[in-house]
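Asker: Residue numbers (this note's numbering), protein chains in the order written: chain A, -13 to 410; chain B, -7 to 246; chain C, 4 to 417.
No lab work stands behind these hints, which were simulated from the structure alone.
Treat each hint with caution, since some may be false.
Below, in silico cross-link-like pairs of lysine to aspartate or glutamate (EDC-like), each with a Cα-Cα straight-line distance of 16 Å or less [unchecked claim]:
(1) 108(B) - 75(C)
(2) 180(A) - 99(B)
(3) 162(C) - 154(A)
(4) 107(A) - 72(C)
(5) 40(B) - 224(B)
Among the chain A residues that face chain B by a calculated CB cut under 8 Å, a handful are [as the list claims (entries may be wrong)]:
(6) 64
(7) 95
(8) 99
(9) 107
(10) 161
(11) 172
(12) 174
(13) 175
(14) 206
(15) 207
(16) 243
(17) 245
(18) 348
Simulated DEER-style distance windows between Cβ atoms [to be verified]:
(19) 103(A) - 83(C): 25 to 35 Å
(20) 233(C) - 272(A): 24 to 34 Å
(21) 244(A) - 120(C): 25 to 35 Å
(22) 160(A) - 81(B): 46 to 56 Å
(23) 97(A) - 98(C): 39 to 49 Å
(24) 148(C) - 157(B): 31 to 41 Å
(25) 136(B) - 211(A): 50 to 60 Å
(26) 272(A) - 260(C): 21 to 31 Å
(27) 275(A) - 54(B): 56 to 66 Å
(28) 98(C) - 124(A): 48 to 58 Å
(29) 148(C) - 160(A): 51 to 61 Å
(30) 316(C) - 372(A): 49 to 59 Å
(31) 81(B) - 122(A): 48 to 58 Å
Beta carbons: idealized from backbone N, C-alpha and C, even for Gly.
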Amino acid sequence: MKSGYIYRMAFRNISRNKKRTALSAFAIAMAVMIVCFMKSYTTGLFNNVKNNVFSFETAHVKVINKDYLKEEKLMPLDLNIYGYENNYNEVIDLLKKIEGIKYVLPRTKFGAILNLNGKMKNLVGFALDQKLEYPVNPLKDKIIAGRMFNEYSPGVQEIVIGEILAREIGVKSGDKITLMTKTAEDGLGHMTFKISGISSYGISEFDKTYFYIPLSAAAKFLKMENEVIELAVYLDNMHRSIPVSKKINEQFYTQQANPYIAYPWEYQKDGQYYKMFVTLTKTYDIIFIGIIFLACLVIINTTMMVIYERMKEIGTIAALGMRGTAIIKLFFYESVIISAMGSFTGTVIGGAISLYLSITGINIAKLTGGGMNLQFSEIVYPRFGLDILLYSFIFGVLISSVCVFIPATKAAKIEPAEAMRGIL
Amino acid sequence: MKKQITALMKTLTATLMATFLISAQALAITPEGILSKADDNSIYQSIKYIGTMTINKGTRKKPRIKTFNAIARGNDKAYIEFTNPGDRGTKYLKLGDELWVKGAYAERADKISGHKLRESMMGSDYSYEDSMDNEKLIDKYNPALTGSENIGNKECYILELNAKVKKITYSRLIMWVDKEQFVPLKIQYFALSGMLLKEMVVQEVKTIKGKYFPVKVKMEDKQREGSYTLFEMESVVLDEPVNESVFSKKNLEK
Amino acid sequence: MKNIVILAFKNLTRHKKRTIITSIAIAFGIALLIWMDGMLKWADNESKRNLKNYEFGNFIVCTKEYADDRKDFPLDSVIEKPEVEKVLIIAENTGCFSSPRTGFRSMMSYKRGFGLPYVVFAIDPELDAKVFKIKDNIIQGNYLDKNSEGILISAYCKKELGIDIGEYIIMETRTKYNTMQALRLKVTGIFDCPNPIVNKNQLFITRTMAENNLQLEGMASEIAFRTENGDNQPALNKVKTLLASKKLTLLTTQTWQEYGSDYLAISQTKKGGSKIMIFLIFVIVAVGIINTMTMSIFERVREMGMLRALGMRDNDVIKCFIIEAAGLGLIGSVMGLFLGVCLTIYGVNVGLDFTSSFKDMDFGYRTGTIFYNEWNPGMMLAAFIFGILCSVLVSILPSKKAVKMEITDSIRYL
């Protein structure tokens, strides 16, 4: 029998029993939809965590003064990056020559104290170059009231502070706050800032204790005209952080009396983020495998039911002289067509849900009554991507096409007489 | 910085004021007597000077030099203004029990309180707290005379001071008091456990208006290798009228 | 009715293959649901346990000022000796374990090096071990004993200061009266606990040691309580009443929920994330059940027609099919429950070990991460009922539809 004929026969069978076709397609569609959405959701959750951690905590690679690590708890401003002769830009220039590095952002993280009616409140500040930061870490986009700070000039001392902090101390944009710190020269840093804007990252650590000032203000406030604490390095590919760090360090060794070290994100904070990522990936992988497994089961189940249900039919066509391989082909074609329809529908629905939620976000805190932390923002934006859609579609077609073989092979081997009597 | 500077530092204060107690020699030598004299010598009406602090932190940091102008009246009012480039414009004001500060870029003064008081002042081996102590040693410690020893070429009494009140920063001090001038030339500060924490050594004493005045003092942190602060005073003017308005928050925030 | 049940049962046993396929789908779904829920629940609760077991206990009794500022460990608002004793008696009367603790901010240094800030807790080793689990996490040396003169440090501190067991650490702090104190303490034990706050910041000495050196005079800055069954409320209420009746009005209580509100918020958010996962699993299990049930009913329209032709009433036909569906659901749910329980037993006792993923990275202290399961009978029951209910509900509509057909049509139905 020619394939073309079998093909037509498969089509006829599908259109003849619409209910059964719809049901099988529905099962596949649902399974594919869930796989599709699940993939978007976990990828979104993961990206969310990554963005938060990589924004200020680790970057992809951090270049710091070797001795800084030992006293990190104290945030010592004198253990900084001061360049080789003049200023930190010399180190930036050196880094820019290395392959795979996309951005190098000078930053200074420092501790400061706010005297709130006699109570000393400890805060953490970031001094940034907002122009350089923008493509990587758009603080500008996180401002919910007011505007980004302006660069320092005499009389212009501006600051952006976190949303919760602003609420706690009862200030709004336009108000002034005075902060105290220890300068890099062990002197007293004391500056009054005008709050130009309020930022919200949706992460309590950020919104509660962080504030941001331009590097030009830090030059005065911290006495760090030519120095910064760290160079945050962002790569073309974050997974290359370890080899790139190695390359950076090799480059450093060629300098005389080099005080700097490149530190990939995996090793920072005693590997806590790395561990978190690995654990998170593994957990989600397990859940994902579970869901895929279930989806497979649903598809296999439906397909098998269909075949067993049609044993008599198989017996009849076998009795009429159709060969085993042709029977398998027939069922395979049917299955491919149905699963393609189902997968397509599932991908479209799953994709639509992901697309919608990737814009609105899912407030996972609302599901439980509120809260956030360092790594998790309250709102998760599932990632909508064609790769996920394609992946889900292929998954659906492949699984159902493959698993039709088991019952179909079995059915094809059966004696027509027996089959006609109806096993099931 | 504080005491000497502005009488801000109590420790120094005791030293600073060393003085003229020449007549005292006639009195019977008791530990209380020696301590009272050392205490009494620190009474002056006012002081004005230019100070320099050289702060060494061992190999960890390069030495830092900080200069300032200081004015103090009695034991409870003091005003300092830093003049070295890195700290120009930083001002401290001590008003009784309160310590106020204002930096060059701040629009208002801030009070230093709580934990902040325990911190080092401008990275030196003095804490803010050291400067806030106004009481006389004799009111807080029971002295005992344990011997005598030469510091340089000067004969000194060795006084051991044990706290008689509970609320006290250092529970025990050992002082080497110059037998002639009644200036403490060396003071060791101990923890409750008896561990030596800090040591102050007077390196130079000048006679100003007939008073013996330590003008060069080294304060050493015995728990941190190579950590010490050299404190020097120049152009010292004693007991000349001072404009009261210097000691006001208004002046600080000017 | 009895006949209908028998008929339904016969149908189940007669079509063994179909019964098995359908119930396996249900079973796997239910098992997966139970297992994943148990794992996610464990993960959600882990941070709470870490807070209770290593940092806070179930609740603390302290002064009102202290409760507001606990993060700073102020020593100027503490519980004095007579009150400490009264509170300990209250704890005994309410059947709680309690441990008086005093936290001191200290600078710790090694070999006259630079100092790093930590919080040193003065604890009574015996009492504390009943409230906290530091003792179970000693990796080197020993836990403190009553007369120990040494200090218990964390693996993190060991790494940070570059100190090892048997060496001396210098602790600089202030006593209750703000007097400078410096002590040279021998490191007699090293712990490595899963609470990062404790691991990074807290060290332990005995109360006796602190009593002798830090002018404690019997005071404690907080008294941590652990209730026997882990439930706060009844014990907390009793303690509150007793505090009031003993006129200890300056004292207040703070629960771990109040203290760790930020911390809890984290796990709330994580829970939100987990809920979505569980929901997705639910949906897919439901789809599986709906599909197989619908299919198995459509497939048997002819059979239904036959039954009706033989004179069985429509209602009875529906009932028969519903009962059969319930039977399928029951079989699936029982198998699923059994499988789920097996997976949970494994998860509770052995767990999923992620440690090998970090083998190549040496962080100097706890790197292993094992994911365990937690028993969640509520979810097991819910999943079980869900399996049956879902099968039943799903079978109603198609069987009703099928009996509405003309008998002749349904017999001819393909």
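Asker: Decide, hint by hint, whether the structure agrees.
Answerer: Hints versus structure:
no. : hint                        : result
1   : 108(B) - 75(C)              : 12 Å, holds
2   : 180(A) - 99(B)              : 11 Å, holds
3   : 162(C) - 154(A)             : 36 Å, violated
4   : 107(A) - 72(C)              : 11 Å, holds
5   : 40(B) - 224(B)              : 13 Å, holds
6   : 64                          : 6 Å, holds
7   : 95                          : 19 Å, violated
8   : 99                          : 7 Å, holds
9   : 107                         : 10 Å, violated
10  : 161                         : 12 Å, violated
11  : 172                         : 3 Å, holds
12  : 174                         : 5 Å, holds
13  : 175                         : 6 Å, holds
14  : 206                         : 6 Å, holds
15  : 207                         : 7 Å, holds
16  : 243                         : 15 Å, violated
17  : 245                         : 13 Å, violated
18  : 348                         : 42 Å, violated
19  : 103(A) - 83(C): 25 to 35 Å  : 28 Å, holds
20  : 233(C) - 272(A): 24 to 34 Å : 28 Å, holds
21  : 244(A) - 120(C): 25 to 35 Å : 30 Å, holds
22  : 160(A) - 81(B): 46 to 56 Å  : 26 Å, violated
23  : 97(A) - 98(C): 39 to 49 Å   : 44 Å, holds
24  : 148(C) - 157(B): 31 to 41 Å : 35 Å, holds
25  : 136(B) - 211(A): 50 to 60 Å : 53 Å, holds
26  : 272(A) - 260(C): 21 to 31 Å : 30 Å, holds
27  : 275(A) - 54(B): 56 to 66 Å  : 58 Å, holds
28  : 98(C) - 124(A): 48 to 58 Å  : 56 Å, holds
29  : 148(C) - 160(A): 51 to 61 Å : 60 Å, holds
30  : 316(C) - 372(A): 49 to 59 Å : 55 Å, holds
31  : 81(B) - 122(A): 48 to 58 Å  : 35 Å, violated
Hints 3, 7, 9, 10, 16, 17, 18, 22, 31 from the list above are not met by this structure, while the remaining hints are.
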